[in-house]
Amino acid sequence: MTDCIIETKQLTKSFKGQPALRGLDLQVPRGSVYGFLGRNGAGKTTTIKTLMGLLRADAGVARLFGVAVDAADRAIEIRRRIGFVTEDKELYPYMTVEEMIRFTRSFFPKWRDDLAERYLKLFDLPPRKKIPDLSKGMRSKLMLLLAIARDAELLILDEPTDGLDPAATEDVLRELMAIAASSGTTMFFSSHQLSEVDLIADHIGIIDRGKMIVAGALDDMKAHYQRLQVVLADSGQLPARWADGVESVRQEGRVVSILASRNVDEIVEQARSVPGAKVERFPVTLKEIFLEHVRSN
Amino acid sequence: MIFRLNPNAGIPLYVQLMEQIKHAVETGALREGDQLPTIRKAAEDLVMNPNTVVRAYRELEHEGILELRHGSGAFIKESAGGRARVVRKAQAIVQAALERIAPLGLTEEELRRVFENELAQVRLEGAGGIAEKKP
Numbered sequence: 001m002t003d004c005i006i007e008t009k010q011l012t013k014s015f016k017g018q019p020a021l022r023g024l025d026l027q028v029p030r031g032s033v034y035g036f037l038g039r040n041g042a043g044k045t046t047t048i049k050t051l052m053g054l055l056r057a058d059a060g061v062a063r064l065f066g067v068a069v070d071a072a073d074r075a076i077e078i079r080r081r082i083g084f085v086t087e088d089k090e091l092y093p094y095m096t097v098e099e100m101i102r103f104t105r106s107f108f109p110k111w112r113d114d115l116a117e118r119y120l121k122l123f124d125l126p127p128r129k130k131i132p133d134l135s136k137g138m139r140s141k142l143m144l145l146l147a148i149a150r151d152a153e154l155l156i157l158d159e160p161t162d163g164l165d166p167a168a169t170e171d172v173l174r175e176l177m178a179i180a181a182s183s184g185t186t187m188f189f190s191s192h193q194l195s196e197v198d199l200i201a202d203h204i205g206i207i208d209r210g211k212m213i214v215a216g217a218l219d220d221m222k223a224h225y226q227r228l229q230v231v232l233a234d235s236g237q238l239p240a241r242w243a244d245g246v247e248s249v250r251q252e253g254r255v256v257s258i259l260a261s262r263n264v265d266e267i268v269e270q271a272r273s274v275p276g277a278k279v280e281r282f283p284v285t286l287k288e289i290f291l292e293h294v295r296s297n
Numbered sequence: 001m002i003f004r005l006n007p008n009a010g011i012p013l014y015v016q017l018m019e020q021i022k023h024a025v026e027t028g029a030l031r032e033g034d035q036l037p038t039i040r041k042a043a044e045d046l047v048m049n050p051n052t053v054v055r056a057y058r059e060l061e062h063e064g065i066l067e068l069r070h071g072s073g074a075f076i077k078e079s080a081g082g083r084a085r086v087v088r089k090a091q092a093i094v095q096a097a098l099e100r101i102a103p104l105g106l107t108e109e110e111l112r113r114v115f116e117n118e119l120a121q122v123r124l125e126g127a128g129g130i131a132e133k134k135p
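Top to bottom, those sequences are chains A and B. For what it's worth, my numbering labels the leading residue of the first sequence as 1, then goes sequentially. For what it's worth, my numbering labels the leading residue of the second sequence as 1, then goes sequentially.
So here's chain A without its partners, still in its complex pose (with noise of 0.2 Å):
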């Protein structure tokens, strides 16, 4: 068994009869970096508010550590371990920065001033200034900040990114690897910009209505995945069956494009059977990946 820092089974909540999760299998391992992608609506959130602790699953089961989130006499315990930042960046409005960080210093005896004062310096934030007054990106910022200073296990992140400039993405991005490269941190994300979750995780679940419909290692994963054009000459017939690992097929007039998630020389070998077609075979983004599975799911 691997070690699993996030472990859910079969999770499933509802909101008023709408479902939000319909039985979700999440592992996330030890020290890893995991991209938890998906539409809008997808069940994202409700995950993450279920990781935790801020809602009560259905069914199923969610662990950190191991330890069921909704374990009370632990909770205090797990809750320590954890850095998050949420999707609606709410903190306390009356605080300034400066007291928003010692009111949550308070909190953790692993509080780490020199995280602290060097994130402080290094997102710019202002210590006096009120937290209705900092930007929605300066609010990220800071929640991330309180999120490392702690010196968390397991950082949970909802877009962390969303709302920040370009610049200040690069610098938060740049950070988190500097921290999973020196304290091994695992850190559990979910963010819409495909291009940077390529770069930083080094796992991936794509959910859909509520569901996990691929999750695993992102070099696997481009390293199984292949686009494949095929022209076919004018009587050129596709196979009625493709074998196995065929994704989807779509045809234009003579162009066919099919995405193969696995055994990609079999289905190179079957589309060049087909008398007369050209096939070339591309490697496919993380982008085409989900796009692929949240179209056809």
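No lab work stands behind these hints: they were computed from the structure. Some hints here could point you the wrong way.
[As the list claims (entries may be wrong)] Ranges of calculated distance between the beta carbons of each label pair, as one might list FRET restraints:
hint, chain 1, residue 1, chain 2, residue 2, range
1, B, His70, A, Ser183, 11 to 21 Å
2, A, Asn297, B, Arg69, 41 to 51 Å
3, A, Arg105, B, Ile2, 53 to 63 Å
4, A, Glu87, B, Arg100, 56 to 66 Å
5, B, Gly33, A, Glu99, 37 to 47 Å
6, A, Arg105, B, Arg69, 52 to 62 Å
7, B, Glu110, A, Glu266, 24 to 34 Å
8, A, Leu115, B, Glu116, 39 to 49 Å
9, A, Arg272, B, Glu61, 34 to 44 Å
10, B, Arg113, A, Gly253, 12 to 22 Å
11, A, Lys121, B, Gly33, 44 to 54 Å
12, A, Gln229, B, Glu108, 11 to 21 Å
13, A, Glu99, B, Glu116, 17 to 27 Å
Source: prediction; values computed, not measured. All C-beta atoms in this analysis are idealised placements derived from N, C-alpha and C, irrespective of residue type, glycine included.
Start from chain A and add chain B according to the hints.
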């Protein structure tokens, strides 16, 4: 050393990084004994997952291009230069071929496709003297 990774290329990032390091060795930008950035520095500078850097370095170690010294980092191996010379020989052949192709007036894209197609063809037929791994 400047490495540029393109997440939109569809090629695993560790492979891109490996190829760029190899290319740097082949062109002489990195020489025998030169030190590569630490995992942390590379992850930070390139804004990429540190495990990806680790994987690229490990594979290069396996291929005999890098030497990983525990605690002190990654260095270009003494023997890596020999391989670079062989690759430079191949470069000369490709250069000559390109000169012969020039009059046909293909675009860069077209050229690349022709080359990659042929390469894929050879790979499928399992012939053509392409070494699976470096001997």
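(message) Tell me the hint numbers this structure goes against, listed in increasing order.
(response) 3, 5, 6, 11, 13
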